[in-house]
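Student: Knowing the structure of chain Y, use the given hints to seat chain D on it.
2 protein chains.
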Amino acid sequence: MKLYDEKMPAPNPRRVRIFLAEKRLTVPLERIALASGAHKSPEFLRKNSLGQIPVLELDDGTAISETVSICRYFEALHPEPALFGRTPVEIGLIDMWIRRVELHLSAHLSQVWINTHPYTEAYCARMGIVRYPDFGEASRQRLLDRMIWLDGEIAGRNFIAGDAFSMADIATLTILDFAGFVGIAIPEGAANLKAWHARISARPSAAA
Amino acid sequence: MKLYDEKMPAPNPRRVRIFLAEKRLTVPLERIALASGAHKSPEFLRKNSLGQIPVLELDDGTAISETVSICRYFEALHPEPALFGRTPVEIGLIDMWIRRVELHLSAHLSQVWINTHPYTEAYCARMGIVRYPDFGEASRQRLLDRMIWLDGEIAGRNFIAGDAFSMADIATLTILDFAGFVGIAIPEGAANLKAWHARISARPSAAA
Chain Y
1 MKLYDEKMPA PNPRRVRIFL AEKRLTVPLE RIALASGAHK SPEFLRKNSL
51 GQIPVLELDD GTAISETVSI CRYFEALHPE PALFGRTPVE IGLIDMWIRR
101 VELHLSAHLS QVWINTHPYT EAYCARMGIV RYPDFGEASR QRLLDRMIWL
151 DGEIAGRNFI AGDAFSMADI ATLTILDFAG FVGIAIPEGA ANLKAWHARI
201 SARPSAAA
Chain D
1 MKLYDEKMPA PNPRRVRIFL AEKRLTVPLE RIALASGAHK SPEFLRKNSL
51 GQIPVLELDD GTAISETVSI CRYFEALHPE PALFGRTPVE IGLIDMWIRR
101 VELHLSAHLS QVWINTHPYT EAYCARMGIV RYPDFGEASR QRLLDRMIWL
151 DGEIAGRNFI AGDAFSMADI ATLTILDFAG FVGIAIPEGA ANLKAWHARI
201 SARPSAAA
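These protein sequences, in sequence, are chains Y and D.
Sequential numbering from 1 applies to the first sequence in our numbering.
Sequential numbering from 1 applies to the second sequence in our numbering.
Chain Y extracted, bound-state conformation (with noise of 0.2 Å):
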């Protein structure tokens, strides 16, 4: 087994370390370099024809991509702790949160990234991507407006999907911190947000 990795500011191949690092596992990374182009490779386009990372190759050959199904492999093998839940509540509502924040939070900040941001304008005319700076430009106040939003549903709980760490937690720190690389900081009056962010951020497995 190896998982295919890159170091910040990706967000994503943090979001899979962080959460081995919260289930005590260790597993052999092997660094691709996005700055020269390797996930864009002959070679690593057969583990994932998407070519981004991370990717979980497995003994057999299997390529597992997207950040939060390689967690969901690693919760079925190892249970303990559950990040997805357990009841099914539980499980319905992690996923909700983790749906919420992706959808509501992370599709807004992708936008701002690629429409806008000085370090994705060589990458997409290398790519043929146009850009849409107005887009771009809108995708950041509604990214600003969810933040608000979000900072409403926590008030009064310690975790982002009730009262235990989750995976949910964990989709939402990886957010929010590459908001702020990109330059949009949690809103002054977001004070729940702030508080859980300082919190979660607090615990060992952020460093990964």
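Hints in this document: simulated from the structure, not taken from any laboratory.
These numbers come from a predicted model, not from an experiment.
Note that beta-carbon positions come from the ideal geometry of N, C-alpha and C, so glycine has one too.
Careful, some of the hints might be misleading.
Cβ-to-Cβ under 10 Å is the rule here; a few derived chain Y residues that face chain D [said to hold, decoys possible]:
{"id": "1", "residue": "29"}
{"id": "2", "residue": "49"}
{"id": "3", "residue": "60"}
{"id": "4", "residue": "65"}
{"id": "5", "residue": "69"}
{"id": "6", "residue": "74"}
{"id": "7", "residue": "75"}
{"id": "8", "residue": "88"}
{"id": "9", "residue": "94"}
{"id": "10", "residue": "100"}
{"id": "11", "residue": "102"}
{"id": "12", "residue": "103"}
{"id": "13", "residue": "110"}
{"id": "14", "residue": "111"}
{"id": "15", "residue": "135"}
{"id": "16", "residue": "149"}
Tutor: Frame of chain Y; chain D shown alone:
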């Protein structure tokens, strides 16, 4: 238990109905008329602050939104037939495929729908949502490109995630049928995808 629901063309409630039909489960439905804005009423926003359907309300008042999350709740309650996989590898790969069709097909389709379709124009105006038609049109081409990509990926197999029907087939069916409603048909050259679509559409659950 009650499922807040709406009829076509809304693709998401249909996704849960197909899942329940495959599981041979019956859940009381309550229609939320999107056209009249019932999903934005204060009463409904207490169930889902995002104002989206479907929502599954449990007897204790717990509300689970997000289609896939509702289905995971039912899968945990009623494991057979398994639609999210049984082994760790099946669980990982089915989740990967759900995410792939959502992030690479549905995400583009949503942008076409919200930014270019005549049906959403008045809605956006009422809700203060600025439309970006050029971005929407680019998303149409990106969706078509991804349909061709998916066509290549499923060559030689009967189902989206492998050799068994799963939630990934349900997700893909509802996305492609909604694309058809929006006016984006499966491209002529995508023979694998067309054959898959005919096969899945012939299942009794597709009428749900």
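Student: All the hints need checking, so say for each whether the structure fits it.
Tutor: So, going through the hints one by one against the coordinates:
1. 29: 18 Å, violated
2. 49: Hint on residue 49/Y: holds, closest Cβ of chain D at ~7 Å, below 10 Å.
3. 60: Since the shortest Cβ distance to chain D is 9 Å, the answer is holds.
4. 65: This interface hint holds because 6 Å falls under the 10 Å limit.
5. 69: Residue 69/Y check passes; min Cβ-Cβ to chain D is 4 Å, inside 10 Å.
6. 74: 8 Å, holds
7. 75: Holds, because the Cβ-Cβ distance from residue 75/Y to chain D comes to roughly 8 Å (cut-off 10 Å).
8. 88: 4 Å, holds
9. 94: Status holds, d = 8 Å.
10. 100: With Cβ-Cβ at 7 Å, under 10 Å, it holds.
11. 102: Nearest chain D Cβ about 8 Å off; hint holds.
12. 103: 8 Å, holds
13. 110: With Cβ-Cβ at 9 Å, under 10 Å, it holds.
14. 111: OK, holds: residue 111/Y within 10 Å of chain D, min 9 Å.
15. 135: The hint holds - residue 135/Y has a Cβ within 10 Å of chain D, the shortest such distance being about 4 Å.
16. 149: 7 Å, holds
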